[in-house]
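Chains P and U supply the protein sequences, listed in that same order.
Note that the first sequence covers residues 1 to 225 in our numbering.
Note that the second sequence covers residues 1 to 220 in our numbering.
Please keep in mind that the hints were generated in silico from the structure rather than gathered at the bench.
A virtual CB, placed ideally from N, CA and C, is assigned to each residue, including glycine.
One or more hints might be untrue.
Coverage of chain P stretches by chain U, computed from C-beta distances (three or more under 8 Å per stretch; other residues unrestricted) [as the list claims (entries may be wrong)]: (1) 16-23; (2) 76-83; (3) 90-102.
Derived Cβ-Cβ restraints for the label pairs, each shown as a range [unchecked claim]: (4) P:Ile-213 <-> U:Glu-118: 41 to 47 Å; (5) U:Gln-14 <-> P:Glu-220: 15 to 21 Å; (6) U:Glu-210 <-> P:Ile-222: 41 to 47 Å.
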Amino acid sequence: MGIILDSFNIAYRDILIESRRAYEIVSTIFFAVSAVILISVAWGTPISITIEEGTASLWIIIFFTSILSFTTSFAREIDRGTIGGLRTLPCSPLAILFGKVMYSTAIMLIVLAVLLPLSIVFLNIQLSIKFFDLLLILVIGIVDLSFVGSFVSSITMYSEGKTLLLPFLLFPLCLPVFVPAMLSTEKVLNGLNYVDYSGELRLLAAFFVLVLIISIFAFETILEE
Amino acid sequence: MFDYAVECKDVSKQYGTLRALRGVTINIEIGDIVAVSGHNGAGKSTFLKIVGTHISSSSGNVKVLGNDTTKDRSKVRRDIGFLGHTSFMYDELTVEENLRFYGVMFSIERPTLDKRIEEVIEYVNLERYRHTAAKKLSHGLRKRADIARVFIHSPKVLILDEPFSGLDEKSIKLLIDGFKSQIGKITMLISSHSFEMMNSVFNRTLMFSEGKILKNDRVA
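Given only the sequences and the hints, what does the whole structure look like? Please build it.
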């Protein structure tokens, strides 16, 4: 219980900081909005975009937008020296990582709230088909992506070229999230049932567990100076 | 029961080929106020960071109030207040919000935390700035806010790395008076380049040179 409460407090603090830097979240949303419109224009008329094309576009936008959030996640703590403050806390090191995951997830859910309605108009995504199934997959995918992204962000935080290194490392490491999330979204939008995409959900869960195990063993060392 | 506030046994730290600490063995008694001195790169900050659980030693063993800094890190951190070279305050949060965040992370209950925030803000004389964002504070005021943070969870051992850097004489005097009021209550390890103003506070001095303790004197 303690670790969850500590994670929540860290996430709350990050969200409070973000609320005082509203221009950052606005720029993230603006990036997502412009990407949707540009992709839609590139495909031609929105009505001609297939489910496969729309789904792929949606996840690509989610992926690139999430990078904006991960680059500030741990890097900001290093750049401002507040990482030392995190090292004074008596909580489990994992609470700090989970706090960052919660924060990134919250930011991405705000982006998703803007992105989804736009996707109906510009990417021809039909929300009426199994809306809650679709939402579940998107949320699971975003949580997975936030976990991997926050972990990679912590690995790269000490590097001088972290803004370059993060996307380089994130791209191959996110494929096990990206591919099943995209395939399951496609299946839901095609009207298939849970049994048809449960394999992809299991893959997402398995990858989450794998990153969790690596974090348990590695994160304390990463956090050390 | 533990006999010492800090026990270091044959502690070494290596950064690649650089040996920052070389087999440091020292026991610091409860209530000691220790001046940690030495040239740049002598190993004093590394020593303080190891005791403060910010880094692990390459070899050797460190205990704070009987708890091992590697195995019981969480317990050690509850007993320690650490002030580093850089500020640990968050720019966008006010002084009070920063203190509240750290207090909550040390599991201090709401009514106790409210009272504690009042006390530490008064201690560093920052009443006027409690609702000011940390980024709007001058260097000296920010340092004082950081010192308030260090005291928020009533630590038993204080580790202060260069606490007076960037402070004017008045602020230094204010802090030293504060430290004097803590004599006998808590153990303090203070590193600085200039100790002239603090001679009346210390009862022990440690001088580091090339990763070793060169002098370990008790002040009468």
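8 Å C-beta test of the segment 16-23 of chain P against chain U, three or more residues: holds (count 4)
CB-CB spacing for Glu-220 of chain P and Gln-14 of chain U relative to the 15 to 21 Å hint: holds, 19 Å
Range hint compliance [Cβ, Glu-210 of chain U to Ile-222 of chain P, 41 to 47 Å]: Violated, since Glu-210 of chain U and Ile-222 of chain P (Cβ atoms, about 30 Å apart) do not stay within the stated range.
Check of the segment 90-102 of chain P against chain U for coverage (Cβ-Cβ below 8 Å, three residues minimum): Holds, because 3 residues of the segment 90-102 of chain P bring their Cβ atoms closer than 8 Å to Cβ atoms of chain U.
8 Å C-beta criterion, at least three residues: is the segment 76-83 of chain P covered by chain U: holds (count 3)
Verdict for Ile-213 of chain P, Glu-118 of chain U (Cβ pair) under range 41 to 47 Å: holds, 44 Å
Of the numbered hints given earlier, the model fails hint 6 alone.
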